[in-house]
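Top line first, the protein sequences correspond to chains A and B.
Those letters in the first sequence? Residues 1 to 496, per the numbering used here, in order.
Those letters in the second sequence? Residues 1 to 214, per the numbering used here, in order.
Hints were generated in silico from the structure; no laboratory data involved.
This one's a predicted model, so the numbers in the text were calculated from it and none came from an experiment.
A couple of the hints might just be wrong.
Stated by the list, open to error - Keeping only pairs whose Cα atoms sit at most 25 Å apart, straight-line, the calculated DMTMM-like set for lysine to aspartate or glutamate is:
(1) A:Lys-388 - A:Asp-477
(2) B:Lys-124 - B:Glu-196
(3) B:Lys-124 - A:Asp-477
(4) A:Lys-82 - B:Glu-196
What the hints assert, rightly or not - Which stretches of chain B does chain A cover? Using the computed rule of at least three CB atoms under 8 Å from a CB of chain A, they are:
(5) 129 to 141
(6) 145 to 155
A virtual CB, placed ideally from N, CA and C, is assigned to each residue, including glycine.
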Amino acid sequence: MRPPGARRAHGASLALRWIAALRPWLLPLLALLVFSIGDRERLVWMWLLLPTLLHAALDHWSRHYALEPGGLWLREGLLERKERHIQSARVLHISREQPALARLLGLWELRIETDSGGPPEAVLRYVSSAESERIAQHLGLSSGGVQAPEGLPEQRTLSLRELLYLGLFGGRGWALAFGLWAVANEFDLLERLPLERFEIAVEGTHFDLGLRHLWLLLALLGLVKLLALLDVCLRHGGYSLRPLGGRVEFQSGLLTRRQTRLDPRRIQRAAWRAGPLDRRLARLSLWVDAAGGEGGREEAEAAFGGALVPTLRAADRARLEAWLGLPPAPPESAWRAAAPGLLRREALESALLAALLTALSSWAYGPFGLGLLLFLLPFFGAYLRALKRRHGFAFGPQGLWLRRGVWRSETIYLPRQRIQSARLIEGPWSRRFGLLAIAFDSAHAGGIGAIASLPGITPEAAREILGELGLLGAAPDWIRPRDDRLGQPQADAARA
Amino acid sequence: MQPPEAHRNLAPEAGSSPTADAEKCSDGSGAAAGPPPGPAAEPTLGQPAPRADVAVLCGKPELSWIESERWAGLVAWLCLASASGAGLAYSLWIDRQEWAPAAAPAVALALAALGAWFWARPPKLHARLSYRLDPQGLAIESGRLWRRWTFVPRQRVQFVDLVSGPIDQRFGLADLVLHTAGSEAAEIRLPGLSLEVAERLRAELLSGLEREAR
């Protein structure tokens, strides 16, 4: 039964939905138009698009929503009708997206998510700005308050300097440029560089060849970085993060604008990330997972465009943590260092890799190839030193902290109440070094990667973590001390 | 391969059916009267301590699951063998490719190896797969080379499915599928249970949820 005040999405949204429905057909449509020049009879095939347009129209016509006391009522479907009630108290976050065309009409696509996982429980395409605000306010009444602490501005934005930093130094532009350079080298594009025109090339010398390589590499890097800068401007342009009632409002995007209202108390997992340059310049980024979404990176990006805070000075971290209600990271003394077995395994793997690369290099360049070792050994030494520092776990009063990653380091915070399941995995190679991996799944594993996992820990460490989480009673036999190893039935009998 | 009916009765004789093990855990050992000692009395993952009046069930999949898996393997093998056989026959006698006579023994060898793997794998899977449902939650252990242990706290189970395909139905088997609110490990599957045991496990898990709801 339709409650009073039930309504459809904004009338103009039908046009937007038609455009969205036609988008996958854009290329065939263009091809048809091109091939129809001089032969208009071919345009008759455009009738094939009619079912798509009709479906979009019927879908628009059949969807209704209404604000009820304490929640939202939704109805959709023509033949199979579905009604849904969403309680305000269960709403985890509300995100809204505004594609460029919708912005011209002042319309938003509103997504409402509860913590049940899966796709958003309600998607309203499209509603006016005032209406989306009314719905968000109606659903957000039950929340408490988030106050910005002293010293932190009420609204956090990205300065032009930060946008430039993200575009020029973020991402993997160098790797891409080197990859393109290798391809160009393979196809002899270097020979075609018009260096003579600039009178800087000396024909037929090694200097000339080196110069060509350098020029090509710089040109490719410039191109890649220019594209990255454009991408960053499109994704993070207009970024802001501000407290709004009981939630934090995130907004980002230059053309397609995303806006998400997140309840900080419902954060499933938070990860601080820093690349090598970030560490040098004392900067980092904050990625959070909130339940809902389909669990993929795309879903997280749809909500936050990637990171909740793309870049931040390390000095501001504590204040932002306090603002979002995240606990501070444990002191360095509380962290358990990487297991000696992990260092042994990594040293052995590094030595094998170095031997293989040196053998290949010697095969190609003779005795000169051995020189590669001079570069590889310090590199692997530095890798092992960094691994020792940046791998481990710690316990906080409210949850578990994991630290991993050598090149791009990551510190993950898992609130104890949000862990859905725990796993232990032990492979044959790791077993030789007395190592295993532990993994946790939270209510939404999108955005940060797969599950929060920590490879290369000892069985003792696994026991410690499981004990801290209150799961030691169910721990498998193969992580118990040898004396304590009993078959499960015998263990049960012994307990009885 | 014996007919399924013969194997439906095999598990109780072998003494490794989940029911038998469950009885050993819950009734035989008396562990049903309470949770395991030590950490079980503590709160799990920040949730209140589990109640004591919950049964402990543990065991392995039915022995007939081995046969069921072999039948499933046989079906897959037959599909693959007929497809590759048809392709090879076409290349040999119709298209008359030069490489076809040389490829025939290699394909036969690969199919034989695959068949042997389909035959030998299920007992190994069965030997290493076990479960344990206690007041804290359900733990599933599997694998020989790659050992895996998965634990789902009772409080985190959103809903439970029983899934039974056509071959499983013939053997009276079902898979217990647990859904949590997670996404990567949102679906945790315990295969090869008899319908009776699967329903008992489901009832135990759901009764825990109902108690918490009350």
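These are the hints, each one checked on the structure:
no.: 1; hint: A:Lys-388 - A:Asp-477; result: violated, 28 Å
no.: 2; hint: B:Lys-124 - B:Glu-196; result: holds, 24 Å
no.: 3; hint: B:Lys-124 - A:Asp-477; result: holds, 18 Å
no.: 4; hint: A:Lys-82 - B:Glu-196; result: violated, 34 Å
no.: 5; hint: 129 to 141; result: holds (count 7)
no.: 6; hint: 145 to 155; result: holds (count 9)
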